[in-house]
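Here are the chains, one letter per residue:
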Amino acid sequence: MRAKLLRFTPMALITLAIAAGPLFIDDRYLLKVLTFVAINVVIVTGMALLFGYAGQISMGHAAFYGIGAYASGYATTTLGLPWIVGLFAAIVFSAVGGVLLALPSLRLKGHYLAMATLGFGELMKIAFIEAQPITGGPDGLGGIPYPRIGSFEMAAPVGTYLLAWGIAGLVLLLVRNVVTQRPGRAMRALHGSELGAMACGIDIVGLKVRVFTVSAVLAGIAGSLYAHLVGFVSPSTFSLHLSVILIAMAVVGGSGSLAGPAIAATLLTLVPFADAIIPGLSRDALALIQDWEADVYGLIIILVMLFAPGGVSGFMRRRRAVARDAS
Amino acid sequence: MGGSELLQFVISGLKNGSIYALVSLGFTIVYASTGVINFAQGEFYMLGGMFSVWVFATFGLPLPLAALLGILLTAAVGVVFELLAIRPRKDGDQLALIIITVGGSLLLSSLARHFFGPDELALPAFTAGPSVRLFGAAIERQTLWIWGLTLVAVVLLNWVYNKTKLGRAMRACAIDRDAARLVGIDTRMVVTVSFALAAALGGLAGLSVAPLTQTAFDVGARVGVKGFAAAILGGLGNPIAAVAGGLMLGLIESMSIAYLSSTYKDAVSLGVLLLVLFVRPQGLFTRSRKEKV
Amino acid sequence: MIRRMRMLFAIACVIALLVTGCASDDSGSDTGSSTSGEAYRIGAVLSLSGTYAGLGAPERNAIELEVARINDEGGVHGRPIEVLFEDDGTDEAKAQAAVTSLLEKEDVIAIIGATGTGQSMAVRADVERASIPQVSMAGGSVITDDFNDWVFQTPWSNRVVVPFTLDYLKEQGVESIALISDSGGYGKDGRQVTLDFVDEYGIEIVADETFNRGDADMTAQLTKIKSAEPDVVFMWSAGSEAATILKNWIDLWGAGPLRFKSGGNANQSAAGAPLIIGAPGNARVELAEGAGDAAEGFEFAAGKILLLEAYGDCVGERGVASDFIDRYTAEYGEGPDIFAGHAYDAINIVVEAMRRLPEDFTSSDLRDEIENTADLVGVGGTFTYAADDHNGLSEEDIVMYRISDGVWTLVEGD
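Residue numbers (my numbering), protein chains in the order written: chain U, 33 to 359; chain P, 5 to 297; chain H, 2 to 415.
Just so you know, these hints were derived from the structure itself, not from any lab. Certain hints may be false.
Stated by the list, open to error - Computed spacing ranges between beta-carbons, pair by pair:
hint, chain 1, residue 1, chain 2, residue 2, range
1, U, Asp316, P, Arg172, 50 to 60 Å
2, U, Ala353, H, Gly215, 42 to 52 Å
3, H, Ala229, P, Ala126, 22 to 32 Å
To be verified - Negatives, chain U to chain P, calculated, CB over 12 Å:
hint, residue
4, Leu48
5, Ile116
6, Gly142
7, Tyr144
8, Glu154
9, Gly198
10, Ala221
11, Ser271
12, Thr301
13, Val303
14, Ala326
15, Arg351
To be verified - Short, incomplete list of chain U residues facing chain H, as computed with Cβ under 8 Å:
hint, residue
16, Tyr61
17, Ala159
18, Ala163
19, Pro165
20, Gly169
21, Asp171
22, Gly175
23, Ser225
24, Val262
25, Phe264
26, His273
All values derive from a computational prediction rather than experimental measurement. All C-beta atoms, glycine included, are put in the ideal place defined by N, C-alpha and C.
Work out the full structure: start from the sequences and follow the hints.
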């Protein structure tokens, strides 16, 4: 009993720290940035699932992010439906998109999914620009309201912060449960050896499709949160560049654990907003960081894949192994 | 639509198609020797234009020399990229290498922005003068250059592939890398050469179209996707298929502008990519070699 | 061992939280900010990169010039003003992020911007949520047609430019036009307003093509337009694509210059190409430079700042303009264009409103006072805002130009 309590204390402390954030932090800007961190944790968790457990990458995940954002935005502004319906729409449409894309691509061996997601991502970007009646075209969709349940509105900065972290926490909990049980074991078997997994009777295509769909849905949920936080979405956000940034976060996070991607998402999201956490940072210094942001991301991807392919998760695993050997 | 309008669209399609063909060749060459899709190929296209403009503007060299240097510099970047980012990954894990090329693409375009600036740069046309007229349609002189250079590149590549020892080595690697190594072929060198060639071809495409459309640090991604779609359309692994795929994609785009609407031309290319991936992943011009799961 | 590590990490998180919490600034509430402390801070969102970079650069120059002048002359209520610039990269999402940063982090009292119509529309939700007035330098009529209490505009709205241009075309005997427009805010707006007005002038639209920002070749669209045989092509593009369109068009016809067709004869053998007419968005030096000979004969409506003689007898406006032209040229080595003018007007409208208020005011007060602007002589014209008019200008404030030998000339007798 005591051992179990002790195991959960670190997580409990972290959860408490996050939840208590708005009590201690007055800075609206910082709270908004931390809300972005939560949104990225959600989407990167999905990408890490795909990468870590299904050994695939998606080069078009920004598309699902966008589908979620537009579905939620359209539902709440043009159709005037309640926020929860918008979130539901985001989930449904990204799930459908995920399945439609994954089924034909994952039936093939090799990296056809990567190629298909690239094509899909670019196609969706065009769709976002051209479907003007729904998406507002290149000028985007504005006036998206804050999330609201009944008469209770979750406004920025505090309301959206708590909502985003609440959802992130829920997502992590759910995914963790899945990963430690049978689907997770199947996924790890898949990652270890596809042939072996097949030999055990695991339906690998079905599994891969399900993993992809889950990662698409997570991106959609993140998109919905983004739309309501920021109040405005435009097609230029959901670009190949964003998909590559997400790949960077997933790769740095590594596979095999959920903490790794979450930590990677947190760190990498905070870098361009360094002025929020370093109080004295000058505008020039910030401009310099933002100027080199893309170069750093590209370099990080290469370096991690060459020298630390396990990412943060691998690092943590090694420390755990060392500790285990030592004790 | 009148005959001369149709011809105009065909000409435009073949012009873009040649560019796609060169980029697509780059994809195919690297894929053949490594099994990896090099997502940085678009950046080689970008660098070809950028380096040429830079050499031309900074050193005042005559245009042909600047163009040649542009190609050589781009090939050099390709080699350096292979040596530093690809080769160290000794296990040749395809997924890892694909991700590395994705990172490389981001890194190269950002470095280009720092080095060359964010603005669009222009190269003068290789030969000045008005367009050539053919049955009421206009062919820009630069278009003739593009076709000529593409033809030369393809013929040269064909000669290298079929008539040189290097070409034989490359073909051997494409069939089976392990077997090639067993018979004493230096596969690592083949990989490096492949990257150099792919970069040179991409660079050639970039600089020959720069006088028409200007070049900037971010042009790589868009053309990369098109060249990639062309490679898939034709069929990865086969140079002739790559070129055919490129020309075909250019024509498909042009016809969609002519008969549908200019807004959907990119959507059509991407739709073609997805369709080919789902229905006939080995491409139109190669025999079926991809196994299904 | 592992547990201890996790514990340490968790405790580190809590400490980090307390530290950032205590170190972070106390920001004002969400209902707008009041002035406090030394300088008045104004935010400016401009396109300093991307396809509108050529518009953003002169805007920034003009604002910096004016801020220096105002501060040299003693500032406002004895306090200096400070303008914080952010680059939106001609991108709606970036504009939105820039405004968020300016509003949440820098606590500005007003936003000048953006350069482009799409970007200006993208930020209005934030500006409204924060109760901060926005003065836009973009010409899309949607900015003031889609009326928002917090948003003002300094350029001539397309709703003023289009009738002026169509009137001119009608006088030249034009009966059919083809549209080619950018799919972004400005182009979309210009196209829509043109479609709204053509019937009134009895002009027929024979082709309607669009292109996207960043497209490198418009030959396909222009080929379709050529087959439709319009008298004139009406182009709505404020970015660098305009030069490409001119070049592609001349290339299709063989040689320039651009000129009005005579007698509507489709099989003309005379040299030249049917006229392309543009809009204020084309009043940029880069257009003539980028298009070279292809720009010869190009015409467009724009304000009087491009050529001092356009002000004619309007002494007051001419005085303000020539003073601005002199100072700008002395500082930057070249004359100001209409975009510098829009920026000049924007900063002065805000500053004059600030002067009319007492030293401490809320951003709400500032908005109200901006709306009270009356007969303020600017570079773009004389501004009078009202509760239902946040544009403030009329057709009197624009003239028709033509590019001859690479420079702007006035088209006589309009």
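Numbers of the earlier hints that this structure fails to satisfy, in rising order: 6, 7, 8, 11, 14, 17, 18, 19, 23 and 26
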